[in-house]
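Engineer: All chains should be modelled from the sequences, with the hints used to inform the complete structure.
Protein sequences, first through last, are from chains A and B.
Per this note's numbering, the very first residue in the first sequence carries number 218; after that it's consecutive.
Per this note's numbering, the very first residue in the second sequence carries number 218; after that it's consecutive.
There's no promise every hint is true.
If several chains are the same, the list does not tell them apart, and a pair holds so long as it fits within one copy or across any two.
As the list claims (entries may be wrong) - Below, simulated EDC-like cross-link-like pairs (lysine to aspartate or glutamate); rule was C-alpha separation at most 20 angstroms, straight line: (1) Lys511 to Asp290; (2) Lys469 to Glu376; (3) Lys341 to Glu361; (4) Lys357 to Asp285.
Quick caveat, the hints were computed from the structure, so don't treat them as lab data.
2 protein chains.
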Amino acid sequence: MKKINKSIYYFSVLTILIAFTSCKEQTNAEESVVSNTVQPAEIKDPLPSWNEGKTKQAIVSFVNAVTDKNSADYVLPKDRIATFDNDGTLWAEQPVYAQLLFAFDRIKTLAPEHPEWKNKQPFKAVLENDQKTLMESGEKGILEIVAITHAGMSTNDFETIVNNWITVAKQPDPRFKDRLFTEMIYQPMLELLDYLRVNDFEVFIVSGGGIEFMRPWTEKVYGVPTQNVVGSSVQVAYDYNDGEPVLKRIAKVDFIDDKVGKPVGINSHIGKKPILAFGNSTGDQQMLEWSQSKGTKTFQGLVHHTDADREWAYGPDSHIGTFSDELMKKADSSGWHVVDMKTEWKVVFPSDLK
Amino acid sequence: MKKINKSIYYFSVLTILIAFTSCKEQTNAEESVVSNTVQPAEIKDPLPSWNEGKTKQAIVSFVNAVTDKNSADYVLPKDRIATFDNDGTLWAEQPVYAQLLFAFDRIKTLAPEHPEWKNKQPFKAVLENDQKTLMESGEKGILEIVAITHAGMSTNDFETIVNNWITVAKQPDPRFKDRLFTEMIYQPMLELLDYLRVNDFEVFIVSGGGIEFMRPWTEKVYGVPTQNVVGSSVQVAYDYNDGEPVLKRIAKVDFIDDKVGKPVGINSHIGKKPILAFGNSTGDQQMLEWSQSKGTKTFQGLVHHTDADREWAYGPDSHIGTFSDELMKKADSSGWHVVDMKTEWKVVFPSDLK
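Structural biologist: Below, the structure is given as structure tokens:
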């Protein structure tokens, strides 16, 4: 799966945002969350699914510092930009990126219109669930699959296709039988997103996944509207179409929002450095470097997948969400916060709360 | 100036944004602005610099319809996206785009480091204010000037250069002696932006001008933060730079946010169609078409420059901000609102209020 996973990293999924607001009511709410001791217990703890520990303390301490007007580290709401990777940071990315399964499912759906695929690789391998042959088709094969499943239609039609898929597609691991991909999201991260938004942060998703694969559902699932989603993209072309204008998706990569692409995507879409950046793999290193170079107080976090029982455990040897030894060293020397999922998260998925 | 102006349209300037907010206090404020008759007079009229007339009525009626929860045309705040062109829509674009003058001034500033420019076109022509020779250098000459003035530095350094220029650069027309470019903004449009924001619209600038030429000042001048500015761009490349990461600006066009590029830029940055779109020239036609194709109630506006006394009067024959006869016909047949600056605006610039 090495080659497939690598080239497909760029076509994964999803999500986060919130509008920054200068509304005073919200600022008051924020203050009561973090400092008012007469509030009910559930309001006092903005991160109930996080165990007391170094990361939780560091997050709360950071948010307090940048939102306290009397702090030397105070940051105006307009500059409280937070960026989150999606795959492996906000939702599960194992055993394989949802966007890749979307592509395979799409091939199966389209198969009746393409009888020739029965005898044509790499489509034949997809239809027969022949992983070995699929692997042998390499990057070229995957790009053929992506071209046919992600391009050739209007942006509107693609949105409908994604919506239809994401509302029924299920996580393939038998441990999570019948769980939708959108239910494989991390409860502690949802709380973090909310906590930041209550504190007037504007939350963005900055993912290697396809921007138009994520946007149809990020608002519903994470509260992140389309305008706060940054991702990889294909080229599109405007067509006036007799007064019913459409943007046609073209089978040509426009932008890869991964590794060095993440600071580029942040610059293009946001135009300022995030004061908080969260990822989980080597693909996020440059985003965290970019955040830390801001020059004011910043926070960098990395989800470390250490929980084989409740989720998955993987690191330097994984082809999905690789967390290399170099990244660990870099995190250590840079003061980045590595979240040990097993010990720092009370629950992993929202369903664990039930 | 034809060729110069055409190729330089893509390097103009500026501006607008606001965060959409779900804050109830703001919703209440909005209601009082548009419906509460016991409010003081200045709150009752959200557009005091607009004469009573068809456009003002249409704007207020549109905003009332999409913000009234009991209206069939009600739109959720998250979908109240408004996009504004900048040059000629939010600020003056005559007698020449500010961004072009920025490029020329930059050549003059850099000249001491380039003694060879004294004898090398097109730089010689810029240094000698030789418009005729400059025109003869055509698109190739302009691109040379743009490459040297807009690329080769980090995004950070470019921001500093723009900031230093925009705070002192003055409008060249002697009628507006000593007026900064950022003072040549339209008071009625500033009121419109505020009116929309109070009504929970998220306001974006979608301009052919350079995205990084606008962002340093759009927040201060229009209240539009960097993340809500869409514009033309050059390519950038990430450089780790020994732990001080930078994005280097490369002398290669990445994206032209004009004409068919505007729906593409809107799709890339915002991911949904604007329910209100405002422009002033043929470069805005596709943005307005894109907005109108949303399928719900939408508003399209075009500023028509008809006031030679207070501003400039120009239309189909102008190479800057061309308002072609075809565009006028299209506006007429599509129900787009053409703003007659001369009769519909009480004042043009903020300084007229004094």
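Engineer: Next, verify each hint and record whether it holds.
Structural biologist: A quick look at each hint next to the structure:
1. Taking the shortest alpha-carbon separations for Lys511 and Asp290, only the intra-copy value of 12 angstroms comes in at or below 20 angstroms, while the best inter-copy value is 43 angstroms.
2. Taking CA atoms no more than 20 angstroms apart as the test, Lys469 paired with Glu376 passes inside one copy only; the shortest distance there is 18 angstroms, against 31 angstroms between copies.
3. With identical chains, the CA atoms of Lys341 and Glu361 are at most 20 angstroms apart within one copy only, with a shortest distance of 12 angstroms there and 52 angstroms across copies.
4. In the homo-oligomer, the alpha carbons of Lys357 and Asp285 never lie at most 20 angstroms apart, since the shortest distance is 53 angstroms inside one protomer and 52 angstroms across protomers.
Checked against the numbered hints given earlier, this structure breaks only hint 4.
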